[in-house]
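J.: Line by line, the protein sequences are chains A and B.
Those letters in the first sequence? Residues 0 to 84, by numbering that gives the first Met the number 0.
Those letters in the second sequence? Residues 0 to 84, by numbering that gives the first Met the number 0.
Hints were generated in silico from the structure; no laboratory data involved.
Mixed in with the good hints there might be a few duds.
[Claimed, not checked] Calculated lysine-lysine pairs in the PhoX-like style (CA-CA distance at most 20 Å, straight line): (1) B:Lys-24 / A:Lys-24; (2) B:Lys-24 / A:Lys-79; (3) A:Lys-27 / B:Lys-79; (4) B:Lys-24 / A:Lys-83; (5) A:Lys-29 / A:Lys-79; (6) B:Lys-24 / B:Lys-83; (7) A:Lys-79 / B:Lys-27; (8) A:Lys-24 / A:Lys-79; (9) A:Lys-79 / A:Lys-27; (10) A:Lys-24 / B:Lys-79; (11) A:Lys-24 / A:Lys-83; (12) B:Lys-29 / B:Lys-83; (13) B:Lys-79 / B:Lys-29; (14) A:Lys-83 / A:Lys-29; (15) B:Lys-79 / B:Lys-27; (16) B:Lys-27 / B:Lys-83; (17) A:Lys-83 / A:Lys-27; (18) A:Lys-24 / B:Lys-83; (19) B:Lys-79 / B:Lys-24.
[To be verified] Computed footprint of chain B on chain A; a stretch qualifies when at least three of its residues, placed anywhere within it, have a C-beta under 8 Å from a C-beta of chain B: (20) 4-18; (21) 25-31; (22) 50-56.
[Stated by the list, open to error] Among chain B residues calculated to face chain A with C-beta under 10 Å, some are: (23) Met-0; (24) Phe-3; (25) Phe-9; (26) Val-22; (27) Gly-32; (28) Val-48; (29) Val-51; (30) Gly-59; (31) Ser-66; (32) Leu-76; (33) Tyr-77; (34) Ser-81.
Predicted model, so just to flag it, every value in this text is computed and none were measured.
Every residue gets a Cβ at the ideal spot worked out from N, C-alpha and C, and that includes glycine.
Read off the chains here:
2 protein chains.
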Amino acid sequence: MQWFDYFGYFGSFLTSITFVPQVYKAWKSKSVGDLSTWTVLIVVLSASVWLVYGIAIASGPVMIANSVVLLMALLLLYFKFSFKS
Amino acid sequence: MQWFDYFGYFGSFLTSITFVPQVYKAWKSKSVGDLSTWTVLIVVLSASVWLVYGIAIASGPVMIANSVVLLMALLLLYFKFSFKS
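All chains should be built: construct the whole structure from the sequences, respecting the hints.
T.: Structure (C-alpha cells):
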C-alpha cells in the first residue's frame with residue numbers, strides 16, 4: 000500500500016456515510032422540502048453506475064460505499080414523495 | 000477502453016453535477032433548513048480526500064469531479080450559515 004491508498008479508503012468510508020445524517024434528519028423532522036429532488040435522483044443514478052463499475056473492476060471499497068449511498072438515496076427519494084413539503 | 004470504463008466516466012460526470020441542482024434550489028429559495036449540516040461537512044471532507052487521492056494517482060476524472068463537488072459543498076456550507084433556517 001502506498002500513502003495515497005489510505006486516502007482512497009478514507010474517501011470510500013466518508014462517501015459511504017455521507018447521506019446517513021441527512022436520512023436521520025429527514026426521518027426525525029419529516030421535512031424534506033429544501034432537498035433537491037434532482038440531486039437525490041442524480042445520487043441514485045450515480046451510485047448505481049459506480050456500483051456496476053465497482054463490480055466490474057472487483058473493487059470492494061467502491062462496491063460497499065456505493066451500496067450504502069444507493070440505499071440512503073433511495074430512502075431520501077421515498078421521503079421526498081411520502082412527506083409533505 | 001473496456002466497457003466498464005464508460006461507467007467510470009459516466010459516474011464521474013454524474014458525481015460532478017450531483018450538488019448543482021441543490022445549490023441552485025438553495026440559492027433560489029434561500030431556505031436550507033432541511034439540509035443536514037453533517038452531510039454537507041462530510042461532503043466537504045470526502046471531496047477533499049478524493050481530490051488528494053485523484054492528484055496522487057493522476058486521475059483527471061477523479062480530480063475534476065471532486066473539485067466541482069468540493070466547490071458546491073462549500074457553497075452549501077456557506078448557505079447553511081448565512082441563510083436563516
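J.: For each hint, tell me whether it holds in the structure or not.
T.: Each hint, compared with the structure:
1. B:Lys-24 / A:Lys-24: Satisfied, since the Cα-Cα distance of roughly 19 Å is no more than 20 Å.
2. B:Lys-24 / A:Lys-79: holds, 15 Å
3. A:Lys-27 / B:Lys-79: Holds, at roughly 19 Å.
4. B:Lys-24 / A:Lys-83: holds, 17 Å
5. A:Lys-29 / A:Lys-79: holds, 9 Å
6. B:Lys-24 / B:Lys-83: holds, 15 Å
7. A:Lys-79 / B:Lys-27: holds, 19 Å
8. A:Lys-24 / A:Lys-79: Status holds; Cα separation ~13 Å.
9. A:Lys-79 / A:Lys-27: holds, 14 Å
10. A:Lys-24 / B:Lys-79: Distance of about 15 Å is within 20 Å: holds.
11. A:Lys-24 / A:Lys-83: Status holds; Cα separation ~15 Å.
12. B:Lys-29 / B:Lys-83: Distance ~8 Å between B:Lys-29 and B:Lys-83 Cα, so the pair holds.
13. B:Lys-79 / B:Lys-29: holds, 9 Å
14. A:Lys-83 / A:Lys-29: Between A:Lys-83 and A:Lys-29 the Cα gap is close to 8 Å, so the pair holds against 20 Å.
15. B:Lys-79 / B:Lys-27: The hint holds at about 14 Å.
16. B:Lys-27 / B:Lys-83: Satisfied, since the Cα-Cα distance of roughly 14 Å is no more than 20 Å.
17. A:Lys-83 / A:Lys-27: Holds - the C-alpha atoms of A:Lys-27 and A:Lys-83 are around 14 Å apart, at most 20 Å.
18. A:Lys-24 / B:Lys-83: holds, 17 Å
19. B:Lys-79 / B:Lys-24: OK: B:Lys-79 and B:Lys-24 at ~13 Å, within 20 Å.
20. 4-18: Satisfied; 9 residues make the cut.
21. 25-31: holds (count 4)
22. 50-56: holds (count 4)
23. Met-0: Violated: closest Cβ of chain A sits about 12 Å from B:Met-0, beyond 10 Å.
24. Phe-3: holds, 3 Å
25. Phe-9: With Cβ-Cβ at 5 Å, under 10 Å, it holds.
26. Val-22: holds, 8 Å
27. Gly-32: Result: holds, 6 Å to nearest chain A Cβ.
28. Val-48: It holds, given that the least Cβ distance between B:Val-48 and chain A is near 4 Å, below 10 Å.
29. Val-51: holds, 5 Å
30. Gly-59: violated, 16 Å
31. Ser-66: violated, 14 Å
32. Leu-76: Given a least distance of 14 Å, the restraint on B:Leu-76 is violated.
33. Tyr-77: The hint is violated - B:Tyr-77 has no Cβ within 10 Å of chain A, the shortest such distance being about 15 Å.
34. Ser-81: For B:Ser-81, the interface hint is violated, since the closest Cβ of chain A sits about 14 Å away, which is over 10 Å.
Violated hints, in rising order: 23, 30, 31, 32, 33, 34; the structure is consistent with all others.
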